[in-house]
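Visitor: Sequence:
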Amino acid sequence: MTAVDHTAPGAHESSSGTVPAALPTGDQAPPPDRTIAYGPHPDQVIDLRRSAGRPRGLLVLLHGGFWRPAIDRTHAAPLAEALAEAGYLVAVPEYRRTGSPEIFDDIAAAVDLLATRGVELAGEELPIVLVGHSAGGHLALWSAARPHLPADSPWHTDRTPDAVVALAGCSCLTLCDDWKLGEDATSAMMGGRAGQHPDRYALADPAQLLPLTVPTVLIHGTEDERVPVEISRIFADRARAAGSAPRLVALPGASHFTLIDPLSPAWPVLLDALAGLDPRRGRAQ
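In full-length UniProt numbering, the protein residues as written are 1 to 285.
Hint data in this document are derived by calculation from the structure and do not stem from the laboratory.
Hints are supplied without guarantee of correctness; some may be wrong.
Here are the simulated lysine to aspartate or glutamate pairs, EDC-like style, with alpha carbons at most 20 Å apart [to be verified]:
(1) LYS180 with GLU225
(2) LYS180 with GLU230
(3) LYS180 with GLU223
Pairwise CB distance ranges, derived in the manner of DEER restraints [what the hints assert, rightly or not]:
(4) ASP152 with LEU263: 43 to 49 Å
(5) THR116 with ASP43: 17 to 23 Å
(6) GLU120 with PRO154: 21 to 27 Å
(7) ASP237 with ARG200: 22 to 28 Å
(8) GLN196 with PRO69: 19 to 25 Å
(9) GLY276 with ALA242: 21 to 27 Å
(10) THR157 with VAL119: 14 to 20 Å
(11) GLY192 with THR116: 32 to 38 Å
Source: prediction; values computed, not measured.
Where is the CB? At the ideal position from N, CA and C, for every residue including glycine.
When you get a sec, could you build the whole thing from the sequences and use the hints?
Guide: Written out as structure tokens, the structure is:
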């Protein structure tokens, strides 16, 4: 599989909200090394997987599932374990998948806890990279954009991660709503359509929280049947128009779940993207 950088827009595809049998499951990976809580709710926990040697960085892996309760963090376990074996300390937060504002409350709390306790958990200061798939890609981009939120927002922070990698991310939340992706998953999560609640979407849509605050890589399969690659292309165009320089990698022939399968041809593309990020110097190579 050859990675191709794309910027030109194309026609979007349809998306189904059903979960395919090919979705990875947690029984394909060993249990995490440790699980910590960031709140009292059973879903307010973070699984930690450690590398065998000195970690190259702390990866915060935000799982997808169109923000719905049916899909939890266990399906991200094979990818998390593979990333740990590749030399990273990997943190996989669970979050309440009950809609806004709980989802955003939890992502903010989990990411902030990892930033605060990163040295304690890793034994040293590490660069923090947010990696998110599908709805998790939306949440990763949103979390990095929190400095753009109003100062009186409970989610506002001046702290950012060192970089973001979005895998088939729902990066343009309003478009996801307009296109009714995942059987209208965006409207269900946000409590209504973008046209009904523009102020609500303005605080949750990464495409409205630009320019980018950190080096950002967008990886998307050209045959994604759930979140069309056009979403990432449009987001990249909007980010560039705002003065940012995201890297967009389109993978010919790759589908939605190919990107989180460590046995797929997309795996080395993700590793190359992570290696190409140089967060200590604050840029993407």
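Visitor: Look at each hint and say if it fits the structure.
Guide: Consistency of the hints with the structure:
no.	hint	result
1	LYS180 with GLU225	holds, 13 Å
2	LYS180 with GLU230	holds, 14 Å
3	LYS180 with GLU223	holds, 18 Å
4	ASP152 with LEU263: 43 to 49 Å	holds, 46 Å
5	THR116 with ASP43: 17 to 23 Å	holds, 20 Å
6	GLU120 with PRO154: 21 to 27 Å	holds, 25 Å
7	ASP237 with ARG200: 22 to 28 Å	holds, 24 Å
8	GLN196 with PRO69: 19 to 25 Å	holds, 23 Å
9	GLY276 with ALA242: 21 to 27 Å	holds, 22 Å
10	THR157 with VAL119: 14 to 20 Å	holds, 18 Å
11	GLY192 with THR116: 32 to 38 Å	holds, 34 Å
No hint from the list above goes unmet by this structure.
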